[in-house]
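Chains P and A supply the protein sequences, listed in that same order.
Residue numbers in the first sequence follow my numbering, run continuously in steps of one, and reach 617 at the last position.
Residue numbers in the second sequence follow my numbering, run continuously in steps of one, and reach 71 at the last position.
Hints were generated in silico from the structure; no laboratory data involved.
From the three backbone atoms N, C-alpha and C, an ideal C-beta is built for every residue, glycine too.
Heads up, some of the hints might be wrong.
Claimed, not checked - If you anchor each label on the Cβ, the simulated ranges turn out as follows:
#	chain 1	residue 1	chain 2	residue 2	range
1	A	Arg28	P	Ser450	44 to 54 Å
2	P	Gly569	A	Lys44	34 to 44 Å
3	A	Arg28	P	Val461	20 to 30 Å
4	A	Lys44	P	Gly63	21 to 31 Å
5	P	Ala231	A	Ala38	33 to 43 Å
6	P	Val572	A	Leu69	46 to 56 Å
7	A	Thr36	P	Asp232	28 to 38 Å
8	P	Trp387	A	Leu13	17 to 27 Å
9	A	Gly30	P	Asp232	51 to 61 Å
10	A	Leu20	P	Arg200	35 to 45 Å
11	P	Ile438	A	Asp3	19 to 29 Å
12	P	Pro609	A	Thr36	39 to 49 Å
13	A	Arg28	P	Asp232	51 to 61 Å
Letter by letter, the chains look like this.
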Amino acid sequence: MIVRMARVLVMGPRRLLPDVLHLLQTLGTLQLRPLPADRPDGGTAGTPRGDAATQAELQRTIGMIEDTLGRLPRPGHPPQSVMAPEAPLQLEELQATIRALEERRAALEEERALLARYERLLVAIAPLLHELEGARHLDAVGVLVRRQQDTAALLGRELTRITGGAHALVLREIDEEHLAGLVTLPRELTPQLTRLLFERGIGEVKLPERYAGQPLAQGVKTLLARRRELADEIERCRKQWVSLGERWHGPLTAALREARNRLAWLRAAGLCAQTRHAFVVAGWVPVDDVAALHQALTRAHHGTITLLALPVTPAEYDAVPVVLKNPSWLRPFEVLLALQPLPRYGSLDPTPLLAVFFPLCFGLILADVGMGLTLLLLALVGWKRHWGGAVGRDVAAVALACAVSATGFGFLFGELFGDLGRFVGMEPILYNRRQAIIPLLGLVLVFGGSQLGLGLSLGVVTAWRAGERGTAGARLLMLAVLGAVASAAAAHRGLLPRELERGALLALGPLVALAVLTEGWLAPLEMLRTLGNVLSYSRLMAVGLASLLLAEVANQLAVAVRPAVLGVGLAVLLHITNFTLGLLSPIIQALRLQYVEFFDKFFVPGGKPYTPLSLAS
Amino acid sequence: MDDKSLIALAAGLAVGLPALATGWAQSRIGSAGAATLAEKPELKGSMIVMLAIPETMVILGFVVAVLILVR
Chain P
1 MIVRMARVLV MGPRRLLPDV LHLLQTLGTL QLRPLPADRP DGGTAGTPRG DAATQAELQR
61 TIGMIEDTLG RLPRPGHPPQ SVMAPEAPLQ LEELQATIRA LEERRAALEE ERALLARYER
121 LLVAIAPLLH ELEGARHLDA VGVLVRRQQD TAALLGRELT RITGGAHALV LREIDEEHLA
181 GLVTLPRELT PQLTRLLFER GIGEVKLPER YAGQPLAQGV KTLLARRREL ADEIERCRKQ
241 WVSLGERWHG PLTAALREAR NRLAWLRAAG LCAQTRHAFV VAGWVPVDDV AALHQALTRA
301 HHGTITLLAL PVTPAEYDAV PVVLKNPSWL RPFEVLLALQ PLPRYGSLDP TPLLAVFFPL
361 CFGLILADVG MGLTLLLLAL VGWKRHWGGA VGRDVAAVAL ACAVSATGFG FLFGELFGDL
421 GRFVGMEPIL YNRRQAIIPL LGLVLVFGGS QLGLGLSLGV VTAWRAGERG TAGARLLMLA
481 VLGAVASAAA AHRGLLPREL ERGALLALGP LVALAVLTEG WLAPLEMLRT LGNVLSYSRL
541 MAVGLASLLL AEVANQLAVA VRPAVLGVGL AVLLHITNFT LGLLSPIIQA LRLQYVEFFD
601 KFFVPGGKPY TPLSLAS
Chain A
1 MDDKSLIALA AGLAVGLPAL ATGWAQSRIG SAGAATLAEK PELKGSMIVM LAIPETMVIL
61 GFVVAVLILV R
């Protein structure tokens, strides 16, 4: 249901405007609407220049606080509710601290990753280097040698050639493909060795850039020691970050709330009109809240403030904000409406219709006791464990309704994971979908025709109420055409007297002619489109039948494939696939039938969301 | 070719040709939808429904195929 709104005007002495706005903000029921900027009475409306600058500054502060909060961890305990007055002042300083901490932590993490890459290599050659400590005339060069290409032998030969045998080469395994080695040779021959390694494509172990310039032995020693320090430093950074979160999360949240409230107040003030002595605030309030608003204003300002509540006229429908209010058992279905624009004020809230028709369409497609009960179980678990928060709870409630519908239709069609029902004595009560394809097609078309008939009837009422007589007439004609076609079809099938078939078909001529006269040459096309919409409901039969056949194939696999374990495994896998498809496909097809075929007949989009002046939560 | 084969061929064509058309239409809508969602993620619901619109063709084709086979 769309909540009835009232157009209100709040008037009073100009000096009371700030207090009145604060009161309205606390009550949180009035959505302000702008007043014309040039008023004939010499008053003003709009934002003064100074306020505009304050608003920009507040907006900037809000952005900074949001950015800072996004970079701080949430404290484990509830945040302090006390506003720290120094918070906004210290914001830039705090941001700089957080930035420095983040940069430090990123640098440490990067260093740790770098060392991890070197670790295996360095661990292999570190003991060898240890033996060389203090040898002033000798130099050590680390090498990385590929094992498969006999590079080690080649390196040995070349080293003998360069040094005349005055060298030592020690190799250690580091993985299946590589050997890490250490070449010890006279210091003056190091450049020749470096050149040789480059020419032969043998990897030289070079220290990371920040350790370059040191002898290899010293560099490796520093690096390994550093590796141990890094973990401690990273942990220290993390603790600092957590402590910043604990210190600042509460005050910043409070500051953010305060800044948002202040900004909302300033924007609201910009929407009010003022003369030298008086102010006017205009807006929309739910009719049920008008009395409470009046009472609060009278109590706070002792009758100096006047409240005028006026009824909304159809000409204003486009501007009136929309609030949906449904009973608690219907409210979860509003989640389905969230995929569509809000209905315009003065039109119809389709939530109750969705609550009836969506599960029905879903059930008609899935129609399987096994899959319905599985979905029921999943929905109950999701509900119990609060999967997905508040939206998840709504989705679970919708899934629950769909599961009940699918199970119910499953009993009517005698289906339990396809045709397994016959093993437990389950017989179709209404139709066997596998065999009664044509009767099933008839059933879904009757269902579709009835739903569209209801949609057109609602469309007539909605258009009539909105003063759109032409649209109401066109929908009435469409309804008559649908009725004539349905009567002719029913008479043809013998459900109505046969004579009615001819009469109904003959009536179509004048109806089409009337439609052309009143709406133009495109009217017959529109009528054909509506009949096409009815045929579109055949998807309820087609998609459902495909799901049933897939389930039957799974069951046949279990019998046909040997060994039996493999057959049963394949069947279970196929049933799981079918269940997944069986959830997605009916949801999409059922939604599509509601949004495209059904809503087209009565739904008027274009509602504005209700965003009252209120305190930030 | 006997009558049975012709009936089977006709039923196959009745569902196969619209399936190709549906696939082609969905590919166009899907690519446009992906581009739309990159800019306006809030249109996700509408895009899913729009993507399902061409399925009417293959579903009606399936119905025709069933009618051919059953009659």
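Comparing the hints with the structure gives:
1. A:Arg28 x P:Ser450: 44 to 54 Å: This hint is violated: roughly 34 Å between Cβ atoms.
2. P:Gly569 x A:Lys44: 34 to 44 Å: Because 36 Å falls inside the window, the suggested range holds.
3. A:Arg28 x P:Val461: 20 to 30 Å: Since the Cβ atoms of Arg28 (chain A) and Val461 (chain P) sit about 38 Å apart, the hinted range of 20 to 30 Å is violated.
4. A:Lys44 x P:Gly63: 21 to 31 Å: holds, 27 Å
5. P:Ala231 x A:Ala38: 33 to 43 Å: 41 Å Cβ-Cβ, so the 33 to 43 Å window holds.
6. P:Val572 x A:Leu69: 46 to 56 Å: violated, 30 Å
7. A:Thr36 x P:Asp232: 28 to 38 Å: Once the Cβ atoms are compared, 50 Å apart, the range 28 to 38 Å for Asp232 (chain P) and Thr36 (chain A) is violated.
8. P:Trp387 x A:Leu13: 17 to 27 Å: violated, 45 Å
9. A:Gly30 x P:Asp232: 51 to 61 Å: Distance hint for Gly30 (chain A), Asp232 (chain P) holds at roughly 52 Å.
10. A:Leu20 x P:Arg200: 35 to 45 Å: violated, 60 Å
11. P:Ile438 x A:Asp3: 19 to 29 Å: Distance hint for Ile438 (chain P), Asp3 (chain A) holds at roughly 21 Å.
12. P:Pro609 x A:Thr36: 39 to 49 Å: violated, 22 Å
13. A:Arg28 x P:Asp232: 51 to 61 Å: holds, 58 Å
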